[in-house]
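What follows is the residue order along each chain.
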Amino acid sequence: METSKKVKQQKKKVLLMGKSGAGKSSMRSIIFSNHVAKDVRRLGATIDVDKKRVKFLGNLLLDIWDCGGQDAFTESYLTSQKSYVFGDVGVLIYVFDVESSDFTDGARGHSDRDLQTYGSIIAALDEYSPNARIFTLVHKMDLVANEYRNEVIRSKTAAITARSGRFARRIGTYATSIWDETLYRAWGSIVNSLIPNLDIVEEGLKDLQRVTEAEEVVLFEQNTFLTVTRVSSEIGDENPRGDRYERLSNIIKTFKNSLSGYTESNSSHQFDSFTIKTGIFNLIINRLTYNTYVLVVFPPGEAELQCARLNILSAKDEFARIESVAEGADDDFRNLRGK
Amino acid sequence: MDLSSKVTSELSLDEQQASESSTASLAESQSILGGTNGDVRQSLLPPMGFGKHKPKMLLMGLKRSGKSSISNVVFHKMAPHETLFLEATTAIQKQNVMKFMDFQIWDLPGQIDYLSSSLDSNSVFSDVGGIVWVIDAQDNYLEPISRFTSAVVALTELYPSIRYSVFIHKTDSITEDYREDTIRDVMQKISDELFDEGLENPPVSYFPTSIYDHTIFEAFSKVIQGLVPQLPTYETLLDTVAASCRFQKVYIFEVTSKVYIASDTKPSDLSSYELCSDFINAIMDMYGLYSWDRPKTSSISPMDDERHQDVGAQTVEAMVCSARGNTVYLRELNAFLVFIGVSKEPNFQKEKAMVDYNIQMFQNTLLRVLDRG
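Read top to bottom, the protein sequences are chains A and B. Start counting the first sequence at 296; every next residue gets the next number (the numbering used here). Start counting the second sequence at 362; every next residue gets the next number (the numbering used here).
Only chain B is shown next, with the shape it has when bound in the complex (with noise of 0.2 Å):
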């Protein structure tokens, strides 16, 4: 925390000091289900040990190229039609979103320019895991290209360990047709130019992009992912869990911004991961339904109260059995962290015993892991 809050101060030298405190009290004030509900409820549960690595990511691009409207809906739970009306950012936003990474919005309109002496470029680019460029697809994206390949080179030389990802953004905008040969055009374009400078084997990635649907999340999941260090491991862990209680699929999802920071290494399909994301949704819109503060009962038996306090302290679970078979289970594995499996198995309810206790194997051992990350 020391570290960053150093680098804020020196990035508002020819800022305005606004915004980054409000934001970063707001991304903490939000609790796991709903955000509504203060702290009604609280994980027993520790939180994840990314204290020590915290990934940092840098979002930037030109000016209306929609990075605002990006981190809005993906972290702060707007609705996409909403985003018209948010207004241009004016400084450097620094957000702590998902507790676990720095997260900075960088409007590059020209105003900033991020190598110059002004700016302590060191303590901002050294740590820094990965940079989201945004390009504005259905805009003129010759000047944006240029801009993002630019600065590649700059920063390539200083901090080699950087990676790249483009988010081809709008493309929800650009019809079927198009589509297509815009992506391919502007990645052929970006690869060429950064081949010209020198760079044979860029990291950057390319990603397609629109709030309007899951894209943008699925966009943000592989991002992050390239930033958690122990990805492997959980990776290798959740295959084991989808293994052994015949999961179709498995998740580690981030409850407040439905990113995923892993999953088995099946080939991902985008529609289970918009179900589970739906599935979120509807488990923290029903908890900030009914997890209001009850008034206590006085007719419990001092023994009834142990149990009482048991109940209490039970870890958020969810499961919903579609007619066709399909189950989707939800477990909380921490504060902000939940565990999803999609399962095509018949017998699903009754086998749940067992994937309850498989589960909790399994979250041992992951809790385990992120205490030594």
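Okay, chain A solo, but in the shape it has when bound (with noise of 0.2 Å):
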């Protein structure tokens, strides 16, 4: 890539935090180190602040910084280290752990040390970095019986929502648990959030949808698999299942890791295609660029299987050039689309 050179990187710093034992390393492997779920109760507790700098879409670069959660490094967290860490943040991921007794809104004489911690967490980076985005998590629902999971989530919103201040109105609050895609639609929606120049690749994938005539067209992060956007025909919108993003994302990524395991190789890019044929659709799964995958939903035949195979293939130049311009400077690219 000779671009790569003009690439204008963004950088943003992701803070990772949470009671010791809430599961925020657990997810941090799972999403960007390919871990499976059943494999991370390996992990050991992070001592202190571990640094992990993940390349997104070749031009993001997040600085994960997955933060110890026993008490006393979150002790020095907001007294000693409160600039260093606290400072210039672009996005504060909270994790609860639904399962933990600390975690009540302070009646019938239970301890809300939970909300505390959190509560002052909030008002250092309040002090430090008052734009940063805040997204919690209250992490493990697994173990919550379905009956009441609704319930749960409605009052520890409430209750975070109580406990935010200034942050309260733009705070976005996910029910995750590793074993399931919950953890791909918050992840998906906090990675949404950063990314530059999404509007130019909207535009690329709604081409292609029209040429291929698909119902629907998904971009993903190539390591990650998670939704970078998402392209639907009229058709493709009446689809009833609203989650199928993020169970895509779970079920790519699952696939991928197992085929990881079949080839013995840790290269990141498993496969180069994914291909089902059915009566009712089509379905491809493309690489596109070096970054992304493209998946492509379209009616069914093998003429248009053929036919949508090539347009892809066409595609990927196209979008190629929407990468590395985008990286570059955006307005010049308008100045070309606009030609």
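Everything labelled a hint here was simulated from the structure, so no lab data went into it.
Under the rule of at most 30 Å between Cα atoms (straight-line distance), these lysine-lysine pairs were calculated in the DSS-like manner:
hint, chain 1, residue 1, chain 2, residue 2
1, A, Lys333, B, Lys424
2, A, Lys307, A, Lys611
3, A, Lys611, B, Lys711
4, A, Lys346, A, Lys451
Computed from a predicted model, the values in this text were never measured in an experiment.
Each chain sits in its own coordinate frame; assemble them with the hints.
Here it is as structure tokens:
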């Protein structure tokens, strides 16, 4: 890539905080390091801050600060390291353990230490990075029986919002579990809020959707398989499965891990193409650019399948250009498209 | 079907009548892909001709050895960690899990004397092809072993054709150093006890299993293959296909349980089984997301309509090409069987038309064999 020199990379600092044992490192390793859910029990406690730099879509660098949650560490984040930890934060992800006994609204004589800690962290963030975004995850939801989940999440959301101070209005709360796709929904929207130039990419996807007469086109990041963005036709909008994007992330990621176990390689590009041909629909998942995979769902038929394959092939170049230009200056690109 | 319903009514004499009707209907309502789509899509291919000869299998073992967990994980797609919440089975459960075989779970906490006169043992055991006996390897296994051997001794005399498979279960919880020793110990004890009873070459095979990995599926595959009468025919057919299409390994899978009922005769390796099984999972899950009932588009002209119907009759076909030149190819054979081949041929995509043709031939032959069975 010759363009890589003039790439204007965006760096975002992502703080991952929460009580010790809440599951911060587990979810991070599942999303970014291709671990499977049952393997994360081997992870040890995070000591101090574990910094990891993750490249997302080439030009977006996520500096993930996985902050060990033991009391002594939290104490020092809030005192001696305050400006170092909370300065220049793009996103704070705060993880609550739904099972924690310290999470109540202070009533009935229970401790509300989780929320108190959260409150002080919010205050520190307000001081050093008032423009940061906050996502709170109520984690380990699989431990709550199905029929209570809605109720639990409602009461926790209310309690969290009450402690969020000035951030209360633009806070995103998600119920998550590493055992299902909810993790991908939460992280999908976190990452989505960070991607620059999303509109240009969407334009390109719309073009692809038009030429392939697809009911749905979804763009995934190649390593995490989080949904970058998607375009649906009128028919595709009527698909009753509203949770399909995060489910797709989960399904493809699982299969990708299985494939890497088979080929015994850890390369990030495990497959080139994945095709399903049925009497109701055709589906292709194909590598699009170095950083992305595209999923296209379109009407059935062998002829349709071959046409779509060719169209995706020719879209590759277009998207490679979009990506490289978008990495440079977007103004140039807008001019380019105008011509 | 007549026969099997008679069996259940007799079984429930001293047991609650619950469960069997509900589980049977559950299995019935599961359609090929995903199970959630009801009759959105029905295969146009004829069902498999096992009608006359349904292999029957019993899953037996002492309480808490993991029988219900096994059947839920293998046949009802339950996630392994969810089996913790399963309650004890109180009645004999009869399930019609694979549409071509009878399958019963027998709990033996001492409350069922399987040879007592209150149970018409003849109608239960006379057409049983195989018994799977689950032994909890992390527990004290001396009692289960002696119960197993006494059952074998009693049953062999009356029903010599029954084959026994011992699942040395929950091996995941034994540390690796002891795993081999435990497995060998169980095998040794069983064959010693049977030898003492005068059974020199008992029809018993052993499988170390765990619901947390693929070993349980692999073990079930082997057990079920032992019950399929046309197995040699399938294997020959599959060998031919593997040779002509240059597949590394080929399988016939039952989709809902991901048990394979036949494969080519090359030595099986767990890794390609895992890959195929995960491939089916991925396809079924995606099918579940996109197989919804779409509104009919009105713009289709009569000529298009004809073609449209043609397209609608198409069988499911899927393929994944890995970056390292491996290809996995899947094709639906009938309502619940799929063909899967793993290829290491770098030019697979170029030769795909030929592969398609070969598989079509294979499918036609296979369906003829099934009809005769």
